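Asks: From first to last, the protein sequence lines stand for chains A and B.
53 is the number of the first residue of the first sequence in this note's numbering; add one for each residue after it.
43 is the number of the first residue of the second sequence in this note's numbering; add one for each residue after it.
By construction, these hints were calculated from the structure, which means they are not laboratory data.
Computed from a prediction, not measured in an experiment: that's the story for all the values here.
Incorrect hints may appear among the rest.
Taking lysine-lysine pairs in the DSS-like style, the calculated list, with each CA pair at most 27 Å apart, reads [as the list claims (entries may be wrong)]:
1) B:K55 - B:K120
2) B:K85 - A:K154
3) A:K77 - A:K88
4) A:K77 - B:K85
5) B:K55 - A:K77
6) A:K70 - A:K107
7) B:K55 - A:K70
8) A:K77 - B:K120
9) B:K81 - B:K119
10) B:K85 - A:K70
According to the in silico footprint, chain A covers these stretches of chain B (three or more CB under 8 Å from chain A) [said to hold, decoys possible]:
11) 51-65
12) 103-113
Backbone N, C-alpha and C fix where the C-beta goes; we use that ideal spot for every residue, glycine too.
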Amino acid sequence: MQEGYPESLDRVIRALSKLPGIGPKTAQRLAFYLVKSPSGELEELLQALADMRRKIRFCARCGFFSEEELCRICQDTSRDAHVLCVVERPQDIFALERAGFKGRYHVLQGVLSPLAGVGPEHIRIPELLKRIQEESVREVILALNPSVDGEATALYLAQKLSAFPVKVTLIARGLPSGGDLEFADEVTLAQALEGRREIRVSLGKEAL
Amino acid sequence: MSRYSLDEGIVLKTVDFGEIDRIVTLFTRKKGKVQAIAKGARKMGNRFGASLDFFSFSEFLLYATRGMPLIVQGKIKKTFRDLVRIPLRWMAGEYVLLLVDRLFPFERPEEKILEEILFLWETFLRCGGSIQPLLLRFRLDVARVLGVFPELLECVLCHRELHSACASFSISLGGIVCDTCATKAQELSFLSWQELQLLRNLVDVPLGRVVQSRVNSQVFQSLDMLLSRYLSYHGEGRVPSFTSFAGCEFSW
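With the hints as extra help, turn the sequences into a complete structure.
Replies: This is the structure we're talking about:
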């Protein structure tokens with residue numbers, strides 16, 4: 053127990069400091085705020101946490117956050133069921149949704165990482181292969197982080213998926229919008245060159 | 043004295059910190075193993091690019107603070123990223139990172155080990171032969187640098203040179219034990235003549251020629267296990283064998 057703190061406050065500090073990205077100092081700051089928080093605010097937080105704990109689960113099909121067996125994306129019949137986008141974590145789906153993707157998703161819940169002890173059996177690769185067999189998927193888009201382990205996982209999946217009659221694509225790697233070319237590092241530039249594409253210019257009346 | 047310092051090295055591991063930052067464990071030429079904070083490293087288009095990813099040898103500009111130093115800049119000098127295209131070598135490349143991270147204390151510069159890692163990655167990329175001898179040699183070199191190199195020529199108890207067809211190896215005593223002394227030692231591992239000769243040869247051969255050594259898979263697995271147990275016993279932390287690190291389920 054931290055010296056001087058009442059036990060109940062110390063327990064809150066210790067519980068908060070277990071959250072990712074929260075160190076002991078931040079945990080103390082949050083705990084002090086909660087102690088002094090206006091009436092009802094703490095109860096609302098507790099209720100929200102309890103509700104989340106009770107209701108939120110992972111979608112049985114894609115692994116996204118859901119309050120039902122299937123998430124809202126898997127239930128949406130207007131989406132293109134032929135295109136499946138594979139992501140590392142559920143929160144990646146929010147970014148792709150903002151980008152306007154209209155297909156379906158599959159969350160791996162991680163990437164292969166020998167250093168972290170994560171092998172193929174620890175992430176949702178068997179579930180992905182099962183979906184490819186059972187659903188009418190024509191294209192699998194691998195939208196994994198451009199890290200070494202993300203790329204290795206993409207290559208592993210591409211190899212596994214080569215046994216199925218599906219097109220496998222990898223989201224483009226390379227230069228982010230808004231940056232200057234001269235400041236790009238060699239890996240990013242090499243990937244941008246590797247993933248270059250032909251520019252198709254229309255010089256019809258509409259274009260002019 | 044300036045709070046800024048330039049150093050070059052590789053990334054051993056990274057941990058997400060806060061919303062957009064990362065805590066990065068580096069292995070650098072001047073400082074050895076150090077932890078530093080890379081602000082904004084999780085954001086797309088950040089100023090570090092791939093310099094904070096595995097298999098990049100980079101120059102880092104560090105800024106000393108009262109706590110962990112900040113990584114201000116990272117500029118890639120050489121990348122070995124194509125290792126991800128060869129699964130077993132990708133895992134071997136990460137395995138050497140795990141060894142250094144677990145076995146070396148903080149702030150102990152070991153330039154020879156850094157150079158050897160770069161050599162290994164280069165060889166993993168370019169060489170078509172087996173990488174098994176290199177993985178064994180690297181652990182022997184780590185043991186040497188840590189000051190716990192195993193005795194492979196004479197019995198660790200009576201100091202007589204060994205000429206028999208096989209030997210016993212004592213992890214706790216730090217080397218081979220002759221038949222006469224074997225009764226006095228505990229927890230001995232059996233070492234065939236072929237295994238003992240291979241270990242001796244791996245030490246004698248220049249690093250550039252290690253890859254030409256021949257190791258059959260049974261001998262590799264046996265020595266792989268033995269050296270990992272040896273380093274776990276004498277080093278700062280436990281390390282798995284490469285065989286268990288790579289895992290049999292990674293069959294392609």
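Asks: It remains to establish, for every hint, whether it holds in the given structure.
Replies: How the hints compare with the structure:
1. Taken as a hint, the B:K55 and B:K120 pair is honoured in the structure, with Cα atoms around 18 Å apart against an allowance of 27 Å.
2. Pair hint B:K85 plus A:K154 holds up; C-alpha atoms about 24 Å apart against a cutoff of 27 Å.
3. At most 27 Å may separate the alpha-carbon atoms for a hinted pair to count; A:K77 and A:K88 meet this at roughly 17 Å.
4. A C-alpha spacing of about 24 Å is found between A:K77 and B:K85, which places the hinted pair at or below 27 Å, so the restraint holds.
5. At roughly 24 Å between alpha-carbon atoms, B:K55 and A:K77 fall within 27 Å of each other, so this suggested pair holds.
6. Only pairs whose Cα atoms come within 27 Å are accepted, and A:K70 paired with A:K107 is accepted, the gap being roughly 22 Å.
7. Between B:K55 and A:K70 the alpha-carbon distance is near 20 Å, which keeps this suggested pair within the 27 Å criterion.
8. Between the alpha carbons of A:K77 and B:K120 the distance comes to roughly 38 Å, so the proposed pair goes past 27 Å and is violated.
9. Proposed proximity of B:K81 and B:K119 is supported: the alpha carbons are some 21 Å apart, at most 27 Å.
10. Distance check on the hinted pair: B:K85 and A:K70 sit about 24 Å apart at the alpha-carbon level, within 27 Å; holds.
11. Under the rule that three or more residues need a Cβ within less than 8 Å of chain A, the assignment of the stretch 51-65 of chain B holds, with 5 such residues.
12. Only when three residues or more bring their CB closer than 8 Å to a CB of chain A does the claim for the stretch 103-113 of chain B stand; here the count is 0, and the claim is violated.
In summary, the numbered hints that this structure violates are 8 and 12.
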